[in-house]
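Number of protein chains: 4
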Amino acid sequence: MTVRIAVAGASGYAGGEVLRLLLSHPDVEIGALTAGGNAGSPLLAHQPHLLPLADRVLEETTARALAGHDVVFLALPHGKSAELAAQLGDDVLVVDCGADHRLVDSWAWERWYGGDHAGSWPYGLPELPRADGTRQRDLLRGTKRVAVPGCYPTVSSLALAPAVAADVVEPEVVVVAVSGTSGAGKAAKTNLLGSEVMGSLSAYGVGGAHRHTPEIVQNLSLVADRPVGVSFTPVLAPLPRGILATCSAQLRADAGDVRAVYAKAYADEPFVHLLPEGHWPTTGAVLGSNAVQLQVAVDPDLNRLVVVAAVDNLTKGTAGAAVQCMNLALGLPETTGLSTVGVAP
Amino acid sequence: MTVRIAVAGASGYAGGEVLRLLLSHPDVEIGALTAGGNAGSPLLAHQPHLLPLADRVLEETTARALAGHDVVFLALPHGKSAELAAQLGDDVLVVDCGADHRLVDSWAWERWYGGDHAGSWPYGLPELPRADGTRQRDLLRGTKRVAVPGCYPTVSSLALAPAVAADVVEPEVVVVAVSGTSGAGKAAKTNLLGSEVMGSLSAYGVGGAHRHTPEIVQNLSLVADRPVGVSFTPVLAPLPRGILATCSAQLRADAGDVRAVYAKAYADEPFVHLLPEGHWPTTGAVLGSNAVQLQVAVDPDLNRLVVVAAVDNLTKGTAGAAVQCMNLALGLPETTGLSTVGVAP
Amino acid sequence: MTVRIAVAGASGYAGGEVLRLLLSHPDVEIGALTAGGNAGSPLLAHQPHLLPLADRVLEETTARALAGHDVVFLALPHGKSAELAAQLGDDVLVVDCGADHRLVDSWAWERWYGGDHAGSWPYGLPELPRADGTRQRDLLRGTKRVAVPGCYPTVSSLALAPAVAADVVEPEVVVVAVSGTSGAGKAAKTNLLGSEVMGSLSAYGVGGAHRHTPEIVQNLSLVADRPVGVSFTPVLAPLPRGILATCSAQLRADAGDVRAVYAKAYADEPFVHLLPEGHWPTTGAVLGSNAVQLQVAVDPDLNRLVVVAAVDNLTKGTAGAAVQCMNLALGLPETTGLSTVGVAP
Amino acid sequence: MTVRIAVAGASGYAGGEVLRLLLSHPDVEIGALTAGGNAGSPLLAHQPHLLPLADRVLEETTARALAGHDVVFLALPHGKSAELAAQLGDDVLVVDCGADHRLVDSWAWERWYGGDHAGSWPYGLPELPRADGTRQRDLLRGTKRVAVPGCYPTVSSLALAPAVAADVVEPEVVVVAVSGTSGAGKAAKTNLLGSEVMGSLSAYGVGGAHRHTPEIVQNLSLVADRPVGVSFTPVLAPLPRGILATCSAQLRADAGDVRAVYAKAYADEPFVHLLPEGHWPTTGAVLGSNAVQLQVAVDPDLNRLVVVAAVDNLTKGTAGAAVQCMNLALGLPETTGLSTVGVAP
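Residue numbers (the UniProt record's numbering), protein chains in the order written: chain A, 1 to 345; chain B, 1 to 345; chain C, 1 to 345; chain D, 1 to 345.
Isolated chain A, as found in the complex:
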């Protein structure tokens, strides 16, 4: 089986990473590559690392250009996917790397993003445990629509879900996640210039103001089957890729062996790795890979659980998840075309 795919938003970071991964996917043929303002220019001008596609020229992003493919990846700014997706046939697998279809609650969409809510699609975090004992991947098999999670929600939810699912922590968590700059996208903004970000650290969206907050709340509340409070602060650091999330919560008095809880939760997961004791996650180790590396600790003075997790925001945090979900939706082995090997140093 060869699946013909198209990528809308192929000049951006998420689109480029989808293409990077698909170039080594054995069952895929790369079709239309579209863009907005960059339509008409050679892909090489935007993605000089994709040499096998060096002769491609970007088309305008339209439903017509995307027609005739088995799978369409949407890598567009938030608010841009919904209308386009509505024009794509129900028989086409649409994988939305953007935010439009992630949130279930309309009010949450309206509060954090504004504008009309497009409704939600099956959420593309296969490893997420559900309150009924199943995993999120069961909802992704055979689906024709996937909402790829945000990068911060991916790493934060996977870091906390086992403890929340096992009910060993109080339902209020604190997440401080340090991220590279590619998560902010490729639009030219002064505060994202190399001169500004190199040699500096900054926080933003503090006090629950970041749009990924409701998504983490949604995930953990689903896992817990009751409301979970999330204090989320993102920090921008001088590296292109990677998120390191430090996630903590008060352990219940009778929490027991919380490490065993994590070991069991992810024992069979191909991409989520609880590291051996004494090893701590680094984002460098997951660069370009679809792996999540985790480690847990308990602060004995406070009886507080601290989970540290590392992910590549563009791979498992975006495009790797998109390909993983495509595999599930198409009935391919979930790990096809994906790797747990990072590029280091």
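No lab work stands behind these hints: they were computed from the structure. One should not assume that every hint holds.
Claimed, not checked - Selected chain C positions facing chain B (in silico; Cβ < 7 angstroms):
1) Arg20
2) Leu23
3) Pro26
4) Pro48
5) His49
6) Leu51
7) Gly199
8) Pro240
9) Gly288
10) Ala344
11) Pro345
We put the CB at the ideal spot given by N, CA and C, even for glycine.
Given the coordinates of chain A, work out where chains B, C and D should sit on it, guided by the hints.
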């Protein structure tokens, strides 16, 4: 008045930063510069940025070499200051940039550092509010011994002290502080190689295991006049200098205007700046300066206070504090030779 | 004497660096701060490191706003200085950090920059030796107009001038200069995003296409009193500040002791330092300082001179030179407000 | 066919990169992994990015441990390969990533490396054109010994070989190559600490003193069939991986269309890409890939050729070349397990 100073540990990062600052201090004459393994080599080999001292050669660190100065700065590994300090006269001002004399409790020293406790010296964080309404600087005027705070405790304590002092938060705080690499010193270690740290983020000392934890606990408990629990996680990021601390705590129901609390607490402080609303601290803005930049937010969903603070770990986090304390101890204006102007971008 | 200064282009990198330096200049009072598109916004939004100016608001750049000052610094894009300067009085010292008045030849301006040539002003590289045995600084004393050199020409010309002046090399030189990103300015461009520049190196303006080429040619030809050919290639590297130039030329057979030539040329210069043998320049050592660090080597197999020089492109490469020239023009000591101490690590 | 491989020096950067590539090579089974001082520790402690090998423990590097494999990769410090290789059977393919067997001339080895010369092996730069019209790959098919080139010689030789082979330039070239830090290896040295290299640029081995100089001379002289002089200066920049080489030489008067020379030279090469006009190489675009990206320019004022080339020093510069040569030696398709797709941004 010209004060003659010596620096023990002049080939390291803390010692180099003390010298950098003192080179523009109008009341100082730089005397002996000593080192351990680097004794005998030219200072220029270790501090190529200190051109006015390019003809200096490092002496061996001994009490004899340090004798005959008005002020001696100790920039030595922990456990090395106490014995040397004991050999320096009581009439000499000794400013210890290391950890040996920071902790009041012997058991805390033994638990986190090991070995015998050298006892504590006046703690060099002038801006710290005390439960009796005074500031820590009152204890530093005229002193002959100063224990310069650790870099993480400096920024974390200043970020949380106003809320703790005003009793508007619950006495348990969560601090995740992202740091540049110079805080780890200049000893050659594989995990601190440029190849390892560039492009990567890592956590360490998780679960209360970092030695700066008891120092933050000590400071905030002193401010509160009762025990304060501290969950502290440091994260290493790819930049040479700077710490950005994200500090949070549950607000009491009747907390009131917490921003006003901070504005009042630091209104008269020359180095601690609560930024105008809408501006967020970055470490780039305080590079090389003695300033601390702060901003506060309240998460409305959780009623949780989040304070973000930026500091240069080598300047206000170490050497700037050392010079500030020297000024206080000698009766000079506190800000002499120090600046709130950073080097950016 | 207190000199009242204004800065046009105060929201950019050059303007910010001029202000950073002037904040520690003892003879200066900072007056009007103006900008183009950023007029009306607080300076703090653009220069968060300049805390003492945190209450300033940017005015629109007009001749009226700049009137009434003793010195006006122009930190504007090329092509913008000339018209504005023409509206400032002849009694005002105008220091142009931009390119408009650097090139003597109209045809060179037209070829590399395009548009009308504004004419040339005294060139602000005080240390440049002239064919008649004098230095360029002699032309700067008491002047009312200064054209501050480009950053690449500063470091390249100082690296090669002694050899060229002493006629020990063939009149064709090769310069490859690696630069941090701030030299490209603060305009938001995709290729200057942190995500693009971190972890990557790129060349640009290859084959004599960079606008600084004719300026280096002009300087070295002036020094040699005959045409000197310059092959210049700039490389962009992932750091905010600093240029490291590798400059080479064929030595004449009878060149003699070329190191002695350099030692003599810069023996009395306060900012240009030939390092002792065995020490090599790094840009980190000159960060934020007005120093140039040099080292020379001769390749014995080729009898080729290689000079390596480091400079901070924003300080000695732009704003430091501007202040140095202001000092000369006003009759102040040349080094006032400037330092040879870098901020490292 | 499944080939069983061993890696000596598996805890270092070159060894880690060999393993990273071989993990996606379809014809390889990974056998013994050995180390020197790190023997006995888990591979994960040194190569946390190689999750599929997370359960491996490093053995001591001995001929016995390496016995019984079809291919042995040596990733050892210079001077360590020769003795070990002598103990491995003639029927085993030995691929030496170190320097021991690269130089043909004993005197060159003794001058630049010192000690006894081990003799030379077939040089593993398949794309290098030879004076007789063949390529270097012809010498690699079926060989049992390969000397993998140094990283700087790889990129410099490929950048200049077409012009030298076509005799369109004078036989003296100038190379300034900017490199990331991983080329300096993983040994803990103060000058390679993150704090030292981030935010700084430095030159080293200036004036023909770098050990890669004679290797570039050897390659280009072989290509030209006469002596070629090489002025080579390496510059260290703050990134983990990547080399950008700026290579120039005087064009002969009748050089003709030099771009066509390059286009023809590499038209059939799978890994060496002359970019379309207007596109310039960046190291970010080849990160983790086996590609070399090239662009050429002619400076019209000097009639000087400037070639800019980018390579990942660990992939095509070391381990990718090693795998490429293994493929050739074993009769596998040359590109098996290798990619021209980089990981960007």
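Okay, which hints does this one fail, numbers in order? 3
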